[in-house]
Amino acid sequence: MFLFQGKGISAGANIYKVRSANPQKRGLAEVFSYLCPKSRLNMTGKSPQESYTIMNELVLPNDTNTLNNLMGGRLLHWMDIAAAISAQKHCNRIVVTASVDNVSFQSPIKLGDVISIEAKVTRAFTTSVEVRMDVWAQNIPSGTKVKSNEAYYTFVALDKDGQKTTVPELVPETDKERALYEGALRRRQLRLILGGKMNPNDATELKALFFGDQLPPNLGEEIKQ
Numbered sequence: 005m006f007l008f009q010g011k012g013i014s015a016g017a018n019i020y021k022v023r024s025a026n027p028q029k030r031g032l033a034e035v036f037s038y039l040c041p042k043s044r045l046n047m048t049g050k051s052p053q054e055s056y057t058i059m060n061e062l063v064l065p066n067d068t069n070t071l072n073n074l075m076g077g078r079l080l081h082w083m084d085i086a087a088a089i090s091a092q093k094h095c096n097r098i099v100v101t102a103s104v105d106n107v108s109f110q111s112p113i114k115l116g117d118v119i120s121i122e123a124k125v126t127r128a129f130t131t132s133v134e135v136r137m138d139v140w141a142q143n144i145p146s147g148t149k150v151k152s153n154e155a156y157y158t159f160v161a162l163d164k165d166g167q168k169t170t171v172p173e174l175v176p177e178t179d180k181e182r183a184l185y186e187g188a189l190r191r192r193q194l195r196l197i198l199g200g201k202m203n204p205n206d207a208t209e210l211k212a213l214f215f216g217d218q219l220p221p222n223l224g225e226e227i228k229q
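If you count by this note's numbering, then the sequence shown holds residues 5 to 229, one letter each, in order.
Just so you know, these hints were derived from the structure itself, not from any lab. Among these hints, one or two may not hold up.
Derived PhoX-like pairs: lysine-lysine, alpha-carbon spacing no greater than 20 Å straight-line [unchecked claim]: (1) 149 / 93; (2) 93 / 164; (3) 114 / 93; (4) 151 / 114; (5) 180 / 50; (6) 114 / 149; (7) 50 / 93.
Quick list of the computed label-pair ranges, beta carbon to beta carbon [as the list claims (entries may be wrong)]: (8) 164 / 189: 39 to 45 Å; (9) 115 / 80: 16 to 22 Å; (10) 80 / 150: 17 to 23 Å; (11) 96 / 118: 16 to 22 Å; (12) 151 / 62: 39 to 45 Å; (13) 200 / 66: 19 to 25 Å; (14) 80 / 144: 34 to 40 Å; (15) 186 / 76: 28 to 34 Å; (16) 175 / 116: 23 to 29 Å.
For every residue, glycine included, the Cβ atom is placed at its ideal position computed from N, Cα and C.
Please put together the full structure from these sequences, using the hints given.
In structure tokens form, the structure reads like this:
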């Protein structure tokens, strides 16, 4: 069973019909293009580095709370912008934020610090991409630079009519990029489970990682609690 644009297509039956309609048998690429003209077949894969984005911001008084620390909401806003730019570089489309998950705050960011947000696409799905961000806080006078945050955002690509549209494949090149690429599917399955959009027993990657062949029968309820 092949999945195109979220719809199941019985490959064997449909390929037979397409080939039978023409005395000269068509190649598989032609058949898939015929079945799914809007699929990724004509898209060129992109490397994660092509989506790499770095955004710098100076923490000013209006950005801080009463303790002179950067407000979390302001940082999330900046991260959303940086991640959206990265996603657009990969998709060449307008993108909208679909989810924000696994945001960890490791250390406070002080008034006067320079924030560097590094964003890069980790994996492309049919119509969405996952973007990972690392946030660094630099105090230029003291010469210190520490990692403050990391997070994963998901964006959906839209066409000119505001409808979901397919995105190019991501082709990881380094060991780190491949590790993030493989982990992205597990993170996606967890997001879908927590959002009530996937049965935990269908989360094959999570099953393989934590439980082998089978999930405990009540895992779905435990995860949702």
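Verification of the supplied hints:
no., hint, result
1, 149 / 93, "27 Å, violated"
2, 93 / 164, "17 Å, holds"
3, 114 / 93, "31 Å, violated"
4, 151 / 114, "13 Å, holds"
5, 180 / 50, "16 Å, holds"
6, 114 / 149, "12 Å, holds"
7, 50 / 93, "10 Å, holds"
8, 164 / 189: 39 to 45 Å, "29 Å, violated"
9, 115 / 80: 16 to 22 Å, "18 Å, holds"
10, 80 / 150: 17 to 23 Å, "19 Å, holds"
11, 96 / 118: 16 to 22 Å, "30 Å, violated"
12, 151 / 62: 39 to 45 Å, "18 Å, violated"
13, 200 / 66: 19 to 25 Å, "38 Å, violated"
14, 80 / 144: 34 to 40 Å, "24 Å, violated"
15, 186 / 76: 28 to 34 Å, "30 Å, holds"
16, 175 / 116: 23 to 29 Å, "40 Å, violated"
Violated hints, listed in ascending order, are 1, 3, 8, 11, 12, 13, 14 and 16; each of the other numbered hints is respected by the structure.
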